[in-house]
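Asker: Spelled out, the chains give:
2 protein chains.
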Amino acid sequence: MVNALPTIGFCGLGAMGGGMACNLAKEGFPIQGFDVYPPSMDKLVAAGGTSSKSPAEAAKGKEFLILMVVNDKQADSVLFDGGAIEAMDKGKTVMLCSTVPPVYLKTLREHIDSVGRSDLKLLDCPVSGGSIRAAAGTLSIFSSGPDEDLDHADVVLKAMSDPLYRIKGGISMGQVAKMCHQHQAATNIIMASEAMGLAAAVGLNTQEVYDKVCKSIGRSWMFENRGPHMLANDYHTVHSATTIILKDATIVTNHAKSAFFPLPLENMAEQLYIQGCHAGFAKDDDAGLCRMFMPSPTLVGELTTSAATTEGKYGVTVDDIINLMAGVELASTRECMAFAKFVGLDLELLLDIINKGAGASNTYEKTASAMVKAGLVNFKPIADAAEIRDKLEASIKKTEAFHQYLPMSSAALQELNYYL
Amino acid sequence: MVNALPTIGFCGLGAMGGGMACNLAKEGFPIQGFDVYPPSMDKLVAAGGTSSKSPAEAAKGKEFLILMVVNDKQADSVLFDGGAIEAMDKGKTVMLCSTVPPVYLKTLREHIDSVGRSDLKLLDCPVSGGSIRAAAGTLSIFSSGPDEDLDHADVVLKAMSDPLYRIKGGISMGQVAKMCHQHQAATNIIMASEAMGLAAAVGLNTQEVYDKVCKSIGRSWMFENRGPHMLANDYHTVHSATTIILKDATIVTNHAKSAFFPLPLENMAEQLYIQGCHAGFAKDDDAGLCRMFMPSPTLVGELTTSAATTEGKYGVTVDDIINLMAGVELASTRECMAFAKFVGLDLELLLDIINKGAGASNTYEKTASAMVKAGLVNFKPIADAAEIRDKLEASIKKTEAFHQYLPMSSAALQELNYYL
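As given, the protein sequences belong to chains Y and W, one line each in that order. 295 is the number that our numbering gives to position 295 of the first sequence; each next residue is one higher, with no gaps. 34 is the number that our numbering gives to position 34 of the second sequence; each next residue is one higher, with no gaps.
Just chain Y, with the same shape it has in the complex (with noise of 0.2 Å):
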């Protein structure tokens, strides 16, 4: 059996792993998965792998244990109450895909190491793309980990990810990785619903502003995808709950706030995500916050039908529509690369990781590009800012009138005010 694939034991068969498991049974991988749900087994073991009745037997004999669990907590309950680092041989390996909060990394080396176990390997390697990616074995992976480990579980992560980025820096840094780029996904997630309520409540045919924005400047992977969830008022079908991005900002902004950096425009997305789960929105769909951003619980696809103005009420029109959404885009864009730098992240690879991820927007890319060129995380590398900026102010301007609830523009147009 030369060059067998090697062993694996998965804890967290949810929507994310039970997708990547799955995946990696059929790739050959001999793999034994581990879930509180038993049904979730099922699935693995329908797809040629085995189950267990705990991480500790899961663990047991492998080469590589990856976990893929909500959070740090369960990452502690599998690994330590659960019996999953005592049941480890010597000198395998931990593979944390969760993503977490980067200072627990070291937290768990430190608690691994002091258990006895400083023979187990131990790497970073949150992922991004959602469960129709994971089961295609194409995840944006963000490794890291010493360079030896990371070379020795390479067939594994090979097998889950495309792209698969190495982030330097050792353990902690692929989290880092993974916030900075969430920190574009908390913008733009509740920005395409403040944009689509907005253009909802003024009457805009919301079919025909979401094709504009998509072709536009204002145009952000997120509003690209949830846009649809909205136009269909299809907040139910769960792709991404309120609760998942909530948890993610949560990570940008308690990370930031421990180290006295402000983040102005990412704690404000925030706080629309826990408004919308006070609103009764936190199992929906993300895409549903829309509703928050409606004069009535009006639902956007009602109005789809009925209007085909090309000019909204109060003369709100799609081009400030997308005003909007590039002010807010470039103001987080700022604070993004701004975050990043502090946080001593490789921003060439960043953009890389952001142009071809979720939190991708066409604001970023043009004007991230600009300061990673200048060497500049301000907005002097952006000869447009100006303008930009007032555009969006003539565009809040025209809402002023009706009292639109435009939070996370008006964050953008103050954090420009600050900045600029």
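Fair warning: there could be bad hints in the mix.
Same chains, same label: a pair holds when it works inside one copy or across any pair of copies.
Distance condition first, Cα-Cα at most 20 Å in a straight line; then the derived SDA-like pairs of lysine to any residue [claimed, not checked]:
1) 313 with 417
2) 247 with 258
3) 215 with 76
4) 391 with 401
5) 247 with 257
6) 106 with 45
7) 73 with 107
8) 341 with 279
9) 215 with 46
10) 106 with 166
11) 283 with 259
12) 73 with 260
13) 73 with 259
14) 92 with 122
15) 341 with 170
16) 257 with 101
17) 398 with 418
18) 398 with 420
19) 283 with 258
20) 257 with 398
21) 60 with 77
22) 257 with 279
23) 391 with 136
24) 283 with 37
The set of hints was computed from the structure by calculation and includes no laboratory data.
Starting from the known structure of chain Y, fit chain W onto it as the hints suggest.
Answerer: Leaving out everything else, chain W in the frame of chain Y:
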């Protein structure tokens, strides 16, 4: 020795604790203090107390052990690492006067119990009022705990306070009351800077602005208190450092976040304190944050002498400053009252606490009492809420031409748009 005053151990003799301890000594309480900084103990000795070499020594044989340390970490350090809990006699009282997260009180009670000291009483008694009132024994104290234990501690609490509040619901509710008060303190402190920064930026006579605002509906206790420091450019005489109010704001935002309760305005205030720390103002008096709201590092005081206009540039007048302050205070009042209701605080008591405390404002006094009277923590009982919002909006609009940084005013306007 009938009715002799009880013995006290006192840990944490900083600006607040030092004054509190010296006052207790002067009042005749046998008191032994501990601080890591020996000169702080010398002051207590001069006032009639004694010093000690460790928290354990200060705690030993005393009826009460009072803690006035910086945060929960220091409290743990004094009580457990410092041996104070172990040194205490059976059935004696630990009185925590520091401001800490409410949830810490429950953790602390469990921690004390887990080391076999469930015999010890624990009281939750955060304070408010600053170092002058600490030394005078006239602090506001928010006491909570078992009634019989509070009765037992009454002679000590009364010697330190005026007014003394007893908050129902057991330990942690004292902190909850303080937290709700600090919600207002945190929004009002930064709003004072935003207001004075605007006044300076448009060339208004800032002394005149100060005098007029203090007599208006826009007046807050914090504006009245911090204004003179701003007018004197007195940022390095530190009455209260930026980091102090930041710490308190973070207790508020974290508590709300953990319960998915939205506080966008408080979170914006917190971000501005972080922005101030990031800009280098962390150790200065929080009044120095007005520098963030000026186009260049102009000092307010310099403008005072030269400016004698009643109308500033771009037509901005003192009435605009008042409109911004009243609008922010209205939004902040609703946020505070809704949060206080959510966390189960007696709202009538909170009215009294805030109106007599540093979180007071004319708008709070007027609108919060209307909310309590109507039994509604929203804008329905505020007849002129829409008018206040419209004035806020009109005054923000005046500043658009010169892109004044108005993050609190803008966030408040959005919050009014959402909730009105």
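Asker: Look at each hint and say if it fits the structure.
Answerer: For each hint, the structure was consulted:
In this assembly of identical chains, the alpha carbons of residue 313 and residue 417 lie at most 20 Å apart only when taken from different copies (18 Å versus 28 Å within one copy). Taking identical chains as interchangeable, the C-alpha atoms of residue 247 and residue 258 lie at most 20 Å apart whether they share a chain (17 Å) or sit on different chains (11 Å). Neither within a single protomer nor between protomers do residue 215 and residue 76 lie at most 20 Å apart by alpha-carbon distance, with minima of 45 Å and 57 Å respectively. Both within a single protomer and between protomers do residue 391 and residue 401 lie at most 20 Å apart by alpha-carbon distance, with minima of 17 Å and 13 Å respectively.
Taking the closest pair of Cα atoms, residue 247 and residue 257 come within 20 Å of each other both inside a single copy (15 Å) and across two copies (11 Å). Taking the closest pair of Cα atoms, residue 106 and residue 45 never come within 20 Å of each other, the shortest separation being 34 Å inside a single copy and 45 Å across copies. Taking the closest pair of Cα atoms, residue 73 and residue 107 come within 20 Å of each other both inside a single copy (12 Å) and across two copies (18 Å). In this homomeric assembly, residue 341 and residue 279 come within 20 Å of each other (Cα to Cα) only across copies, at 16 Å, whereas the closest approach inside a single copy is 35 Å.
Taking identical chains as interchangeable, the C-alpha atoms of residue 215 and residue 46 are never at most 20 Å apart, the minima being 42 Å within one chain and 76 Å between chains. Only within a single protomer do residue 106 and residue 166 lie at most 20 Å apart by alpha-carbon distance; the minimum there is 18 Å, versus 43 Å between protomers. For the homomeric pair residue 283 and residue 259, the shortest alpha-carbon distance between copies (15 Å) is at most 20 Å, but the shortest distance inside one copy (31 Å) is not. With identical chains, the CA atoms of residue 73 and residue 260 are at most 20 Å apart between copies only, with a shortest distance of 19 Å across copies and 25 Å within one.
In this assembly of identical chains, residue 73 and residue 259 lie within 20 Å of each other by CA distance solely across copies; the values are 18 Å between and 22 Å within a copy. Taking the shortest alpha-carbon separations for residue 92 and residue 122, only the intra-copy value of 9 Å comes in at or below 20 Å, while the best inter-copy value is 48 Å. Taking CA atoms no more than 20 Å apart as the test, residue 341 paired with residue 170 passes inside one copy only; the shortest distance there is 17 Å, against 46 Å between copies. For the homomeric pair residue 257 and residue 101, the shortest alpha-carbon distances inside one copy (12 Å) and between copies (16 Å) are both at most 20 Å.
In this assembly of identical chains, residue 398 and residue 418 lie within 20 Å of each other by CA distance solely across copies; the values are 17 Å between and 22 Å within a copy. In this homomeric assembly, residue 398 and residue 420 come within 20 Å of each other (Cα to Cα) only across copies, at 19 Å, whereas the closest approach inside a single copy is 22 Å. With identical chains, the CA atoms of residue 283 and residue 258 are at most 20 Å apart between copies only, with a shortest distance of 17 Å across copies and 29 Å within one. Taking CA atoms no more than 20 Å apart as the test, residue 257 paired with residue 398 passes in neither setting, with 34 Å inside one copy and 33 Å between copies.
In this homomeric assembly, residue 60 and residue 77 come within 20 Å of each other (Cα to Cα) only inside a single copy, at 16 Å, whereas the closest approach across copies is 40 Å. Taking the shortest alpha-carbon separations for residue 257 and residue 279, only the inter-copy value of 14 Å comes in at or below 20 Å, while the best intra-copy value is 26 Å. In this assembly of identical chains, the alpha carbons of residue 391 and residue 136 never lie at most 20 Å apart, being 42 Å within a copy and 56 Å across copies at closest. For a Cα distance limit of 20 Å, the shortest separation of residue 283 from residue 37 inside one copy, 19 Å, qualifies, whereas the shortest one across copies, 51 Å, does not.
The structure does not agree with the numbered hints 3, 6, 9, 20 and 23 stated previously, though it agrees with the rest.
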